[in-house]
Amino acid sequence: MRLTCPICGARDRREFYYQGEALARPAPGAGAEAWDEYLHLRDNPAGVRRELWQHEAGCGAWLVVERNTSTHEVLGVSLVLDEAQA
Amino acid sequence: MRIDGKGLVDRSKPIRFQFEGIGHTGFEGDTLASALLAKGVRLMGRSFKYHRPRGVLSAGSEEPNALVTIGRGAVQEPNVRATMLEIHDGLDARAQNAWPSLKLDAMAVNDLAWPFLGAGFYYKTFMWPRGFWERLYEPVIRRAAGLGALSGAHAADRHEKAYAFCDLLVIGSGPAGLMAALTAGRAGADVLLVEEDSRFGGRLNAETFQVEGLAGSDWAAQAIAELCGMPNVRLMHRTAVVGAYDHGTYAAVERVNAHRARPPEGGVRETFWRIVAKHAILAAGAIERPVAFENNDRPGIMTAGAVRAYLNRWGASPGRRVAVFGNCDDAHRTARDLEAAGVEVAALIDSREDIAHPGVDCRVYSGAVVTGSTGRLGLKRISVQAADGRKEIEVDCLAMSGGWNPTVHVTCHMNGRPTWREDIASFVPTPGSIPGLVAVGACAGEFSTQACLTAGAVAAKEVLKDLGLKPPRGALVPEAEDTPYRIAPLWAVPGKGRAWLDFQNDVTVKDVRQAAVENFRSVEHMKRYTTQGMATDQGKNSNVGALAVLADVTGRGIPETGITTFRPPFSPVSVATFGAGAQGMGFAPQRLTTSHAESVVRGAPMIEAGLWYRPSYFPQDSETHWRQSCDREVGYVRNAVGVCDVSTLGKIDLQGPGAAELLDFVYTNGFSTLKVGRVRYGLMLREDGFVMDDGTTARLGPEHFVMTTTTAAAGQVMRHLEFVHQVLCPHLDVRFTSVTEQWAQFAVAGPKSRALLNAVLEQPIDNDSWPFMACGEIMLCDVRGRLFRISFSGEHAYEVAVPARFGESLFKLLVARAEALGGGAYGMEALNVLRLEKGHITHAEIHGRTTAFDIGFARMVSGKKDCIGKTMAAREGLVDPGRERLVGLKSVGEDATLSAGAHLFDTSVAMTPETSLGYTTSAAFSPTLGHHIALGFLQHGPDRLGEVIRCVDHMRGLEAEVEICDPVFFDPEGGRARG
Amino acid sequence: MTFSGLRVLKEGLTGNRGWAPHWRDPEPKAAYDAVIIGGGGHGLATAYYLAKNHGLTNIAVLEKGYIGGGNIGRNTTIVRANYFLPGNSEFYSHSLKLWEGLEEDLNYNVMHSQRGIINLFHSDGQRDAFVRRGNAMITQGDDAILLDREGVRQHLPYLDFENTRFPIYGGLYHPRGGTARHDAVAWGYARGADRRGVDLLQNCEVTGIDIENGAVCGVQTTRGAIRAKKVGIVVAGRSSQVAAMAGMRLPIESHVLQAFVTEGLKPCIDHVVTFGMGHFYISQSDKGGLVFGGDLDFYASYASRGNLPTAEHVMEAGMTLMPMIGQAKLLRSWGGIMDMTPDGSPIIDRTETDGLFIDCGWCYGGFKAVPASGYAFAHLMATGQHHETAAAFRFDRFRTGRGLLDEEGTGSQHNLH
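Chains as they are written, first to last, in full-length UniProt numbering: chain A, 1 to 86; chain B, 1 to 979; chain C, 1 to 417.
It should be emphasised that the hints constitute simulated quantities derived from the structure, not laboratory data.
Do not take every clue at face value.
If you want a taste of the chain A side facing chain B, the calculated C-beta under 7 Å gives, among others [stated by the list, open to error]:
id	residue
1	1
2	2
3	28
4	35
5	39
6	58
7	62
8	77
9	78
10	80
11	84
Per the computed footprint, the stretches of chain B lying under chain C, defined by three or more beta-carbons under 8 Å from a beta-carbon of chain C, are [unchecked claim]:
id	segment
12	150–156
13	186–196
14	458–469
15	892–905
In this text, all values refer to a predicted model and were calculated from it rather than measured experimentally.
By construction, the Cβ of each residue, glycine as well, lies at the ideal position given by its N, Cα and C atoms.
Chain A with its partners taken away, still in its complex shape (with noise of 0.2 Å):
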């Protein structure tokens, strides 16, 4: 499995470490559901779907990754930096 980092380029997945689905942190008073939504609950789809990675063991770049469950192919790989700038 190979993850295409856009400052260092296509690398092996054992540089990646998986954190999961790329969720918005909720205020902290947003409440109980909210937070309950954003650490817990997921939509878990059997398909595509947004995640966040980090490029640990090269540039140390958080990534967000554009992938599918079934079939593992990724659709895309941007920087969380140019994401929140976007």
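Based on these hints, arrange chains B and C on the given structure of chain A.
Same frame as chain A, now just chains B and C:
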């Protein structure tokens, strides 16, 4: 029987080897199978369940029968396929799964009991009496099962791993693979051609066809020579591609020296390759399938293509008088080749009525089938049901062909399902099953040499187009035979006896039928109930036949019946190869501190701390027990001065205007209020509200901090900081990097610590210039360092840091000075006792299930700001006073040993899960206090100080009454650290 | 038909003509008292105990493919009761007791083999954590023995005690732990349920859950609509998708766990052995293959297959721990879909829809739980009350933080358990 003038073995190079203790001679280029067949040895193994005599079935890695054990002791290797094993001088191969001997196997009694040992019999019996399963039935079954044996010795040979990258990976070097490699290579593509066999050429070496007027093997050799001349082409033989994985990654095993008795000095036995290919062409050929008929499993009965391979490639006829039985034109080739080589062919039996004359001299029976065989240890006679009645034909070899199955296996490794093709009665790869891979040639159901050559060239041109390379000009596909493949399916010859499908696992047509009767009608159920396809060939020889039988008995078509999944590896891989490099110390990196060598010199046992090694204690000659050393070292720190390497703690350097705000957000307590030149203890939570880590952070400048983490969590914290910064707080202008390796850091702890430091510092310090929790730059011995007045021991203490290159000499200096002051180096044991006496927590306490509330640090969660974990830490369940919360425990009355992991109960209650109120996390004897102390978590703990409870450790046989106390056992006011 | 050695003998003597289907293939009825979605181990066990313990026999198990085709057919077969958190330990303790009588109960040889499990530890800290676990097991009434290094050597002399990256300090020995023949468990429960009248409907995929006025009233399937007042979802690997049919989001992320088996070998490993530093565990099947595995691949996946980094790491762990297996050859590797929860422990609970129940989130520990999970889920479906051994497996623990069951202590990131 060796045939003069045939084969590619080197008759000038004889090789001596042994099989079953008997010496034989073969030639260079022989496999064990070919060399034994040349000598007329047919019996090579025993089957799994019935211990039936078995001979070689195939000529490739799919061999299910002829498995042997080679080597002894540390290099003993079981289950080696005789068909792949290249003979070498001194080879000593033994048969397996037979006792006392291959010819006379006592367990063959199972064969007589076969009516009771059919599919799944063991699910229906061995249930009574209870308890006999482990004591009687299972041991007997286990001993009878299994094939070869491990020696039990640690593996001795070296193995290694490697990566390779290429534009085009060509798997297989038969006509299709060679033509693909030539086409792409000539165009300048970066090509990697891998071949499982020891010799490139695939079936070109096993057939008598010509290519461009040359013998197939000569044309292959010529093609290989051309490829070898191309700098952009790499060729690897003895290399099997065993798995296809995501994004163009393939696993391959290269038998670097596995074909020799032992690797040469410094050499490796096998290499495990991770190949990353932009494109792949699978030209893996096809595997011939047997026909099921009664007693079709005798030594001497093998596939027709294997017979041709032994004859044409190895110059060895598997028999002196051979019959050929098939359902396709391809089988006729075997008869023709044998006759041309002068081997007697007794009959050609074709199940089809209507066949063109095969061009052989022998008797041809069309519309006929073989219905049985005799010969206990080797084939003697076959029975043939022909149009004009039943015949008995004396033969010592039967070449059978049920047609060819394309080698689709690798295309199924990513869940691809092969497609049934009625015209060739076989499954072929479904295009797109492996992204970037295309199957060509026989592997795609194209069985003529011409079709293979053409398909290889066409596929390579497609790859070149994608790579942006021009196809080579003028290169034409050479001319070769282009005979059509004609077949009429024949899976099982009707009959009453047992007809084998899976030769190794002894699965017969009867078993499949019985499975269907018992409603194991799904192909997966049938497989699992009968063990069909679960042998070492993973059904390569038998799966299609078995599912055809199942389809027949259940009245369904083959595509509807479906096929079980082929999974990696394509051919079995030694664990030593797949796990190369890990044996011994290679499993994980070893991180050594700068004081490591000196600690070893001082006799300290070095213990693992994550990937680091740290000294357990520093023994002195008079000491016989680690406790003596530990107590002495604790005394250093409490009474004089001790020195301890703390470099393994994670160190993260943070700089920038946003650094303070970032720290405020990751720590529960505030850091923007921290003054320059001061250090503060910080507590870090996970977002779910539980404690992640703790440590001190020093402010070296307005925008410059150095954070320390625990040794265990250094990597996690670094990743967490990156997450918080990049994902949650991208607006903050801050940069940070791990400097754990860059700084050597030593704790200098004890009442005489300042005296020690002042003897080495260029600028002496005092309590005013360097009070408790002060930090800053220092110069010592002309080296610029950092000094932090922090204390894990509770004593007046410092940590001094210097660039790592000075660490070793500073450690020696500090220890020497400490010894002069009546102290010395201390290790992990003393460090643990010291922190325990002070109630300082480690990951024994913050084990991932404890909150700030649980450890009594709720007040450290600032109410003035948000921080990671704050919201979820306030969940009702995490602030319940009834939670297990941190307390100290000390024994009541006469000192009793306390231990970590013990459970806590009220006195005089029955010990049940319900009455278990908590547990201990750390315990030690405190030489300072003269008794055992422990930290633990107890329901309502801090509300019960002074009460007496029971501390019970069933595991160690310890039980004590303990008093609940504050976790800080020693100097609760903290005056010593400030003095 | 009752299975026995005598029966095998009789059939063998009479041409094996008397064998009958282990279960029927009935046509779906229009309505059942209850249906269970999912014909895996947990679903079949649920049906069995609904019929046996609660007398509910007008029920059906709806299976998309073939019964026993999910994780029950692809796990590494370990059976143990060595959990330490209250809420878990009583449940697995109950499960092990059910295992111990399962062959007699089912009249099916599931080859439950109590060969003992040894969890190795490699530091003082790991030892203390195992001591806490062992003490919890003893308090629960199960068995646990602390072995020192020499004690381990007596049981497992083939480990590398001299030259290994993480030396062996000792082990936690659980003699009643062991293995079982995974497929046979599914088949035994299937046959047991079928014999009590349960309809096992294979190739019957549920495509919708019918809800009226907040109560479940049936399901839509590829074999037609089926009415039922009670519906249980037990579909490991597809929990999120099936729950979504009822408008639910689950605290689950699905991951791939690989498993491995070598070619058959004569007996060489008599226990289940786990490596404390490499997430590696191994046992030897009765057929002779070494069955082993490691950690997740760590990325969300429904592909039932893994990749090389984890596979290599597992082999590497094996080589550092027990280099005698170096010449064993890996025969097959595969993957299962693990429904990972935020604390690594399962859910057996009602839902907000009346009559709709769910049993999910077994992470990679579902096999040993099959009997007790079926037992407890049947109890919940039949009575509406949580069974006392499974009362902790609630949805709301994540929201409230009350009763979290985080044995690994790794927190709310699904894949870290």
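message: To test your reading of the hints: which numbers does this structure violate?
response: 6, 8, 9, 13 and 14
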